[in-house]
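Peer 1: Protein sequences appear in the order of chains A and B. Note that our numbering has the first sequence beginning at 1, numbered continuously upward. Note that our numbering has the second sequence beginning at 1, numbered continuously upward.
Since the hints were derived computationally from the structure, they do not count as laboratory data. Hints may be right or wrong, so weigh each one.
[As the list claims (entries may be wrong)] Reference listing, derived: stretches of chain A covered by chain B, where coverage requires no fewer than 3 residues with Cβ under 8 Å from a Cβ of chain B:
1. 64–78
2. 89–97
[As the list claims (entries may be wrong)] Now the stretches of chain A that chain B is said to cover, found in silico as 3 or more residues with beta-carbon under 8 Å:
3. 12–26
4. 32–45
5. 107–114
Beta carbons are placed, not taken as given, at the ideal position from N, Cα and C, and that holds for glycine.
Each chain, written out:
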Amino acid sequence: MSDQTHMPAGHDLAPGDEEQHSVGERVLGYVVGLGLALILTATSFFIAGTDLVWQPSIPVALIVLAIAQMGVHLVFFLHITTGPDNTNNVLALAFGLLVVFLVVGGTVWIMSHLNQNMPPMDDFIRMHS
Amino acid sequence: MSMTATAGRAHADPHHIGLVIEHPGPAPKRTVTAYGFWVFLLSDIVMFSCFFAAYAVLVNQTADGPKGSEIFEQRNVAIETVCLLLSSFTCGMASIAADVRNRFWFYLGMAVTCVLGLIFLAIEFREFADLVSRGYGPSRSAFLSAFFSLVGCHGLHVSAGVLWLLTMMAQVFAKGFRADVLRRMMCFALFWHALDIIWVGVFSVVYLLGGGA
Numbered sequence: 001m002s003d004q005t006h007m008p009a010g011h012d013l014a015p016g017d018e019e020q021h022s023v024g025e026r027v028l029g030y031v032v033g034l035g036l037a038l039i040l041t042a043t044s045f046f047i048a049g050t051d052l053v054w055q056p057s058i059p060v061a062l063i064v065l066a067i068a069q070m071g072v073h074l075v076f077f078l079h080i081t082t083g084p085d086n087t088n089n090v091l092a093l094a095f096g097l098l099v100v101f102l103v104v105g106g107t108v109w110i111m112s113h114l115n116q117n118m119p120p121m122d123d124f125i126r127m128h129s
Numbered sequence: 001m002s003m004t005a006t007a008g009r010a011h012a013d014p015h016h017i018g019l020v021i022e023h024p025g026p027a028p029k030r031t032v033t034a035y036g037f038w039v040f041l042l043s044d045i046v047m048f049s050c051f052f053a054a055y056a057v058l059v060n061q062t063a064d065g066p067k068g069s070e071i072f073e074q075r076n077v078a079i080e081t082v083c084l085l086l087s088s089f090t091c092g093m094a095s096i097a098a099d100v101r102n103r104f105w106f107y108l109g110m111a112v113t114c115v116l117g118l119i120f121l122a123i124e125f126r127e128f129a130d131l132v133s134r135g136y137g138p139s140r141s142a143f144l145s146a147f148f149s150l151v152g153c154h155g156l157h158v159s160a161g162v163l164w165l166l167t168m169m170a171q172v173f174a175k176g177f178r179a180d181v182l183r184r185m186m187c188f189a190l191f192w193h194a195l196d197i198i199w200v201g202v203f204s205v206v207y208l209l210g211g212g213a
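Extracted from the complex, chain A is given alone in its bound form (with noise of 0.2 Å):
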C-alpha cells in the first residue's frame, strides 16, 4: 500500500457553510458584505434618479448594479466560493442560473417577435368590427 497515491477527497462544505473561521472574522465578512451592498443600492437609487449621466445608459447601468449585488449577496453571505469544497454549489448555482437566463432571455426575445409580426392590436380590432 505504501507506493500508493491517496487522496484524501475532502468532504464538501454545506451552501452557507464557511470554512473554519473566528467568529470575529465571520462577523467581519458579514459587515463587509452589508457596506459592499449599501453602497450599491445607494448607487442604484441615485443613478435612477439623476440628471447627471447619459440618460440611455440608465437601464443597462442598474442592471450591471443589481447584478454586482447579488454576486456581493452570494459571496458573503451565502459563502458561495470557488473553492474545491464549493464545487457542488456552484454547479447547481450555475444551472439553476442558465434556466433563469433561458426562460427571462426567451421569453423576453419571444414576445418582441412576437409583437413585430403581428399587425398592431388596434388595427387588428377595427378590422373585425
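Place chain B on chain A using the hints.
Peer 2: Just chain B, lined up with the frame of chain A:
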C-alpha cells in the same frame, strides 16, 4: 470497482496514473440537508424568473391605466430595501450566534430580523392597499396583474419567512441548540438571504427601471 481490486492494480501502475481515492463515506447530514435546500432555493428562483419574464412582457400593457412611474414611490422602496438588507445582516449575526451557541445574541439577532421583516411587510401591504383603494388593483391592467403577482409572491415568501423565523426562536427556546435545530436554522438563513437576492432583482427591475420610464 471495489477498493481491493484498485489496490491490487497499484503494482501494475508504478507511475500512479490511476489515483486511488480514499472514499470518506457519505457526507455529513448538515451538508446533505443544506445542499437539498440549496437546490430548492434555486428552483424557487427559477419560479421567480417566470414572474419576472411575465412582468417584462406585460410592463407596457397598461390598458390606459397608470404606468409604473405614476404609482411607484421611490422613498418607500428605499426604506423597504434598507430594511431587508439590514435584516439579512442581522440574520447572519443570528446564525453565527447559533453556531457558537450564544442564546442572547441569537434571540437578539432573530428579533431584530423579525421586526425589520415586519416593517417591510407593513410598507408593502400599505402600498398594495393604497393602490387597490385608488382602483388600481390587479384586475385593472395586465401590467398591474404582473406587478401584483411578482411583488406579492415575494411578499408571501417574506411572510412565510417571518413565520419560520418565529418557529426557529421557539424551537431554540424549547429544545436548545440541538443538531437538527441548527440544521433548520441554517436552512432558514439560506432562505432569508435568497429572499434578499430576489428583492434586489425586484427593486431594480420593477421599481427603478419602471419608475424612470
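Peer 1: Decide, hint by hint, whether the structure agrees.
Peer 2: The hints, checked one at a time:
1. 64–78: Holds, because 8 residues of the segment 64–78 of chain A bring their Cβ atoms closer than 8 Å to Cβ atoms of chain B.
2. 89–97: holds (count 5)
3. 12–26: holds (count 8)
4. 32–45: holds (count 7)
5. 107–114: Holds, because 3 residues of the segment 107–114 of chain A bring their Cβ atoms closer than 8 Å to Cβ atoms of chain B.
Taken one by one, the earlier hints all hold for this structure without exception.
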